[in-house]
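K.L.:
So the sequence lines, in the order shown, correspond to chains A and B. Here the first sequence stands for residues 0 to 207, where the numbers follow numbering that gives the first Met the number 0. Here the second sequence stands for residues 0 to 789, where the numbers follow numbering that gives the first Met the number 0.
If you're looking for bench data, these hints aren't it; they were derived computationally from the structure. Errors might be hidden in some of the hints.
[Claimed, not checked] Below, a sample of chain A positions facing chain B; criterion: calculated Cβ distance under 8 Å:
1. 14
2. 17
3. 21
4. 59
5. 92
6. 128
7. 157
8. 158
9. 184
10. 188
11. 190
12. 191
13. 202
For glycine and all other residues, C-beta sits at the position ideal for the given N, C-alpha and C.
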Amino acid sequence: MSITKKPAVPKTATTSWRIVDIVIAAVIAVSSGVIFWAWNSAHHLFDIMFLAFPPSSALLAGMWLFPAVLGALIIRKPGAALFCELVAAMVSSLMGSEFGLTVLASGLIQGLGAELVFAAFAYRKFNLPVALLAGAGAGLFGGINDAYIFRWYHAYTPGMLLAYVVFMTISGLVIAGLLSFLGTRALAKTGALGALASRRAATEPILR
Amino acid sequence: MPATTQELGAVSGVPETPHRHAQAVAVSAKNWGWRHADRTDPALWGLDLEIRAGERVLLAGPSGAGKSTLLYALAGVLEEDDDTYSTGELLLDSIPASRGRGMVGLMQQDPETQVVQARVGDDVAFGAENLSVPPEQIAARVIAALDAVGLHIPLEHPTSALSGGQKQRLALAGILAMGPGLVLLDEPTANLDPAGVLEVRDAVLAALDATGATLLIVEHRLDAWAEHVDRVIVLEPGGGISCEGTPEELFAPGPVRERLIASGVWVPGYTPDLGPLASAPGPGATLLEADGLSVARTRGGAAVATGLDLRIAAGEAWCVRGANGSGKSTLALTLGGLLPPVAGTVAATGDLASGSEKRPYRWRAAELVGRIGSVFQEPEHQFVTNTVAEELAYGPRHALAPGTRDPLFTEEQIDARVAMLMSRLRLGHLADANPFTLSGGEKRRLSVATVLAAEPQILILDEPTFGQDANTWRELALLLREELAAGTAIIAVTHDTDFARALGAEEFVMETPPAHSGAQPHRNSPGLLEADVRGGASFLGQVNPLAKLAAVALATIPLVASMDWVSSTLVVLVTLLALPLAGLTIPRFMARAWPLLLAALFGAWGTALVGIDSGAVLLDLGIFTITQGSVAAGAATGMRAFAVAIPAVLVLFTTDPTDLANALAQKARLPHRFVLGALAGMRLLGLLIEEWATLGMARRARGVGSHGSAAARLRANLGQILGLLVQAIRRASRLAVTMEAKGFGTTERTWLRASVYGRRDLVVVGAGLLLGTAATWAAVALGTWNLVWG
Numbered sequence: 000m001s002i003t004k005k006p007a008v009p010k011t012a013t014t015s016w017r018i019v020d021i022v023i024a025a026v027i028a029v030s031s032g033v034i035f036w037a038w039n040s041a042h043h044l045f046d047i048m049f050l051a052f053p054p055s056s057a058l059l060a061g062m063w064l065f066p067a068v069l070g071a072l073i074i075r076k077p078g079a080a081l082f083c084e085l086v087a088a089m090v091s092s093l094m095g096s097e098f099g100l101t102v103l104a105s106g107l108i109q110g111l112g113a114e115l116v117f118a119a120f121a122y123r124k125f126n127l128p129v130a131l132l133a134g135a136g137a138g139l140f141g142g143i144n145d146a147y148i149f150r151w152y153h154a155y156t157p158g159m160l161l162a163y164v165v166f167m168t169i170s171g172l173v174i175a176g177l178l179s180f181l182g183t184r185a186l187a188k189t190g191a192l193g194a195l196a197s198r199r200a201a202t203e204p205i206l207r
Numbered sequence: 000m001p002a003t004t005q006e007l008g009a010v011s012g013v014p015e016t017p018h019r020h021a022q023a024v025a026v027s028a029k030n031w032g033w034r035h036a037d038r039t040d041p042a043l044w045g046l047d048l049e050i051r052a053g054e055r056v057l058l059a060g061p062s063g064a065g066k067s068t069l070l071y072a073l074a075g076v077l078e079e080d081d082d083t084y085s086t087g088e089l090l091l092d093s094i095p096a097s098r099g100r101g102m103v104g105l106m107q108q109d110p111e112t113q114v115v116q117a118r119v120g121d122d123v124a125f126g127a128e129n130l131s132v133p134p135e136q137i138a139a140r141v142i143a144a145l146d147a148v149g150l151h152i153p154l155e156h157p158t159s160a161l162s163g164g165q166k167q168r169l170a171l172a173g174i175l176a177m178g179p180g181l182v183l184l185d186e187p188t189a190n191l192d193p194a195g196v197l198e199v200r201d202a203v204l205a206a207l208d209a210t211g212a213t214l215l216i217v218e219h220r221l222d223a224w225a226e227h228v229d230r231v232i233v234l235e236p237g238g239g240i241s242c243e244g245t246p247e248e249l250f251a252p253g254p255v256r257e258r259l260i261a262s263g264v265w266v267p268g269y270t271p272d273l274g275p276l277a278s279a280p281g282p283g284a285t286l287l288e289a290d291g292l293s294v295a296r297t298r299g300g301a302a303v304a305t306g307l308d309l310r311i312a313a314g315e316a317w318c319v320r321g322a323n324g325s326g327k328s329t330l331a332l333t334l335g336g337l338l339p340p341v342a343g344t345v346a347a348t349g350d351l352a353s354g355s356e357k358r359p360y361r362w363r364a365a366e367l368v369g370r371i372g373s374v375f376q377e378p379e380h381q382f383v384t385n386t387v388a389e390e391l392a393y394g395p396r397h398a399l400a401p402g403t404r405d406p407l408f409t410e411e412q413i414d415a416r417v418a419m420l421m422s423r424l425r426l427g428h429l430a431d432a433n434p435f436t437l438s439g440g441e442k443r444r445l446s447v448a449t450v451l452a453a454e455p456q457i458l459i460l461d462e463p464t465f466g467q468d469a470n471t472w473r474e475l476a477l478l479l480r481e482e483l484a485a486g487t488a489i490i491a492v493t494h495d496t497d498f499a500r501a502l503g504a505e506e507f508v509m510e511t512p513p514a515h516s517g518a519q520p521h522r523n524s525p526g527l528l529e530a531d532v533r534g535g536a537s538f539l540g541q542v543n544p545l546a547k548l549a550a551v552a553l554a555t556i557p558l559v560a561s562m563d564w565v566s567s568t569l570v571v572l573v574t575l576l577a578l579p580l581a582g583l584t585i586p587r588f589m590a591r592a593w594p595l596l597l598a599a600l601f602g603a604w605g606t607a608l609v610g611i612d613s614g615a616v617l618l619d620l621g622i623f624t625i626t627q628g629s630v631a632a633g634a635a636t637g638m639r640a641f642a643v644a645i646p647a648v649l650v651l652f653t654t655d656p657t658d659l660a661n662a663l664a665q666k667a668r669l670p671h672r673f674v675l676g677a678l679a680g681m682r683l684l685g686l687l688i689e690e691w692a693t694l695g696m697a698r699r700a701r702g703v704g705s706h707g708s709a710a711a712r713l714r715a716n717l718g719q720i721l722g723l724l725v726q727a728i729r730r731a732s733r734l735a736v737t738m739e740a741k742g743f744g745t746t747e748r749t750w751l752r753a754s755v756y757g758r759r760d761l762v763v764v765g766a767g768l769l770l771g772t773a774a775t776w777a778a779v780a781l782g783t784w785n786l787v788w789g
């Protein structure tokens with residue numbers, strides 16, 4: 000049976016958040032916390048790998064940025080990137096973070112980097128280039144925050160600080176941007192996104 | 000039909016409840032229809048329905064008939080947007096159902112997503128708060144509602160520590176506290192064992208007797224409910240009502256009953272007829288032996304069952320039974336080579352023992368799939384590919400002969416096996432469908448078929464018949480009979496005695512653990528995000544979370560601003576001195592803080608390595624040198640990192656997320672929709688961590704493991720992350736429905752638990768300010784102040 004009748008009062012997809020958007024966004028952020036937690040054991044092994052050139056540790060920082068892009072691609076509402084990154088940061092600080100409460104500020108700034116990209120496209124475009132840009136934006140803001148605002152790497156030379164920011168931007172682009180885009184499409188294929196604006200993400204054009 | 004007095008007595012002293020309940024609500028549907036946004040066919044169409052106020056109606060019908068859709072619509076949680084279509088009208092008394100807030104209560108089947116809050120009292124109050132009931136009234140309603148469902152537990156009790164049946168009764172209490180005139184139950188007992196089913200059923204009946212509310216319940220298994228409802232309505236897929244009447248009329252022998260049976264409805268007193276069980280060919284050779292086995296739910300966890308001896312022979316069926324928490328599933332996982340034994344042995348013998356390693360847990364995943372197959376309770380946990388056809392081929396394609404790198408099957412064998420299973424289980428038309436998009440019955444059939452595809456000699460199933468309609472049940476039983484006749488050994492963890500009988504299974508009964516109270520289900524990390532009990536009772540535990548955060552922020556400012564060891568050391572020292580205020584001792588503190596210490600050491604090392612060199616060279620590593628100057632810089636970096644990290648531990652140890660959320664919404668005036676939405680999401684954290692472990696085991700049982708190239712391993716890990724996200728989003732969707740059905744999301748609400756400021760809070764903020772100032776002053780006075788932006 001197919002239905003052609005239009006609803007009496009058509010409601011357009013709005014920019015306002017429904018409860019289901021909020022709870023799924025929160026759970027994406029919380030799951031990200033679980034994923035961080037699952038990676039934690041391996042994390043310090045990677046630390047040793049990067050000791051030869053410490054700024055290169057930023058190449059893995061994208062792992063801490065993906066909630067922003069993934070959340071925005073799935074929820075598609077203004078503020079989703081910011082909210083997901085902030086809640087993920089809060090979860091990681093509640094689980095015990097080496098950055099203490101400052102992780103909240105970091106989460107806010109990283110989320111903002113991604114959020115601004117989605118806002119620049121008026122929350123209408125969620126294709127691959129936008130996802131990559133958003134990931135890079137989160138990485139750029141996160142890198143600048145670490146290197147120049149909180150200055151966690153006070154001992155780095157200016158060149159190393161710059162390298163750190165560049166590495167983090169690349170990491171954001173690949174891990175937060177590309178993987179989140181692929182992940183959203185894979186999730187859409189399972190039908191899990193049926194209640195959300197991204198329910199058709201798997202069949203949308205990749206580049207347009 | 001009223002419950003008999005005897006049954007009421009069983010619920011223990013249900014009081015003449017003092018609730019002020021709304022009048023019972025009548026339901027009316029006129030030519031009503033609905034199509035979901037992500038579907039092409041409508042879930043319901045042309046429905047005409049009248050339910051009188053106070054009537055008790057059971058809604059039945061095959062899966063896909065739109066039963067849940069109708070319930071959601073009545074609960075006002077179906078939202079119209081561009082992609083949905085609806086027709087006709089659906090009324091509660093004379094009000095459109097979409098505007099019937101507060102008149103209706105809804106309970107769904109998954110107990111985990113019926114609970115919104117972390118504490119029992121808060122959870123019962125949640126709906127009433129959303130309806131802006133005055134707090135004093137809510138407090139009285141909470142007590143009365145818990146009493147009405149027979150839950151006699153403290154209000155502060157963590158909801159995560161409740162059993163499935165208790166969670167459902169808690170959800171019911173939350174509904175009662177809202178005082179609804181219509182109660183909607185969507186398979187409220189589908190995930191429960193037989194004892195839980197009766198427990199919830201009796202609580203529902205008692206509550207209805209007390210309130211007189213109208214009841215509309217969707218159930219697959221009608222036995223428990225049939226004699227307690229006035230009317231049964233059977234829905235037709237894609238259409239309206241196929242038949243209706245009193246239970247006596249519909250379920251009496253006759254054409255209607257036959258039609259219901261044919262569509263898979265579990266009518267009372269019906270067990271699918273499978274024909275006689277082929278006479279057993281006599282026990283075959285022993286395949287697997289367990290001796291003096293002790294099992295634990297996690298690697299390195301405490302044993303839940305001990306001293307188990309079991310001998311599994313080819314062609315033999317075993318049914319593992321026992322109370323919840325007795326370790327049935329854990330035994331199944333251990334026998335399946337997915338968990339290591341705590342003590343004793345699990346060893347393959349005879350045919351199964353080819354290769355030198357006898358212990359299934361030591362086998363590679365690829366060696367396991369062709370020998371022992373495990374079917375998990377939740378089919379989605381075991382889906383690892385994008386299509387049904389790939390899913391079926393995955394096991395045999397990855398299976399390796401024991402102790403070798405040789406494939407177990409040729410491509411021709413795999414193709415033949417996949418084609419046979421697809422037609423045998425009627426999955427052929429779905430070959431290219433994504434496994435996650437199948438119906439419940441199709442998913443169950445597929446998950447069994449994927450494990451059978453690699454031709455394991457032992458098949459282990461965990462509650463394979465939970466939530467299945469009678470047709471799927473029958474097919475499953477017939478398929479397993481064929482496997483038995485072909486010499487496969489079968490171990491089924493099940494409460495379903497009919498199913499065990501259908502397989503001619505021998506019983507293996509697990510002992511009920513001595514301290515078992517039914518209140519401590521499988522939860523390994525109950526309070527990852529909950530404040531420690533000792534912390535909550537401490538001085539800082541009584542302080543408003545916002546005051547603690549403000550104090551830590553004030554103390555952190557100089558640390559962020561300056562890279563020097565003096566201010567950092569002062570903050571670390573004061574934090575350590577403040578440990579008793581948080582109820583912490585040094586060992587308990589270190590148990591939480593050691594990763595932070597480690598991180599600080601890494602930071603210090605990194606800085607010492609690359610820091611600007613000055614003073615004597617201590618170590619020369621070629622491009623990098625470590626000097627006195629760089630060591631000093633490293634020490635300052637490490638101490639600063641530690642000082643930034645540890646004050647938060649005090650906050651973490653003494654702050655309950657619920658209190659934090661209350662403070663953020665009431666005092667900091669953040670939008671409560673977002674704050675409480677995030678809080679509800681966080682409550683799922685413990686569940687998701689468990690789910691991660693389950694996914695790992697479920698995927699190993701499919702042959703996904705730590706083998707193959709780095710790329711293959713990465714893919715396996717990413718697949719597991721995807722699996723976790725799918726489960727997380729599904730649960731979140733259901734949780735959102737629960738919250739919305741409880742009236743959540745409007746602009747105003749009341750709060751049972753007021754967030755207040757007191758004198759202590761002032762003292763704590765003052766202490767934070769003092770510490771920040773003192774740290775700055777000390778660093779400046781000693782000449783170490785070193786502005787990072789300089």
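K.L.:
Against each hint, give a clear statement of whether it holds in the structure.
P.N.:
Structure-based check of all given hints:
The interface hint given for residue 14 of chain A is violated, since its Cβ lies 13 Å from the closest Cβ of chain B, which is over the 8 Å cut-off. For the restraint placing residue 17 of chain A at the interface with chain B, the shortest Cβ-Cβ distance is roughly 7 Å, inside the 8 Å limit, so the hint holds. About 3 Å separates the beta-carbon of residue 21 of chain A from the nearest beta-carbon of chain B, less than 8 Å, and the hint is met. At about 13 Å, the closest approach between the beta carbon of residue 59 of chain A and any beta carbon in chain B exceeds 8 Å, and the interface hint on this residue is violated.
Proximity of residue 92 of chain A to chain B holds as hinted, the smallest CB-CB distance being about 6 Å (cut-off 8 Å). Among the interface hints, the one on residue 128 of chain A is violated; its C-beta lies about 22 Å from the nearest C-beta in chain B, farther than the 8 Å criterion. A cut of 8 Å between beta carbons decides the hint on residue 157 of chain A: the least distance to chain B is about 12 Å, and the hint is violated. The interface hint given for residue 158 of chain A is violated, since its Cβ lies 11 Å from the closest Cβ of chain B, which is over the 8 Å cut-off.
For residue 184 of chain A, the shortest C-beta to C-beta distance to chain B is roughly 11 Å, which exceeds 8 Å, and the interface hint is violated. For residue 188 of chain A, the interface hint holds, since its Cβ comes within 8 Å of a Cβ in chain B; the closest pair sits about 5 Å apart. At a threshold of 8 Å, the smallest CB-CB gap from residue 190 of chain A to chain B is about 4 Å, leaving the interface hint in force. Annotation: interface hint on residue 191 of chain A holds; nearest CB of chain B at approximately 5 Å, less than 8 Å.
Evaluation of the residue 202 of chain A hint against chain B yields a violated restraint, the C-beta minimum of about 12 Å exceeding 8 Å.
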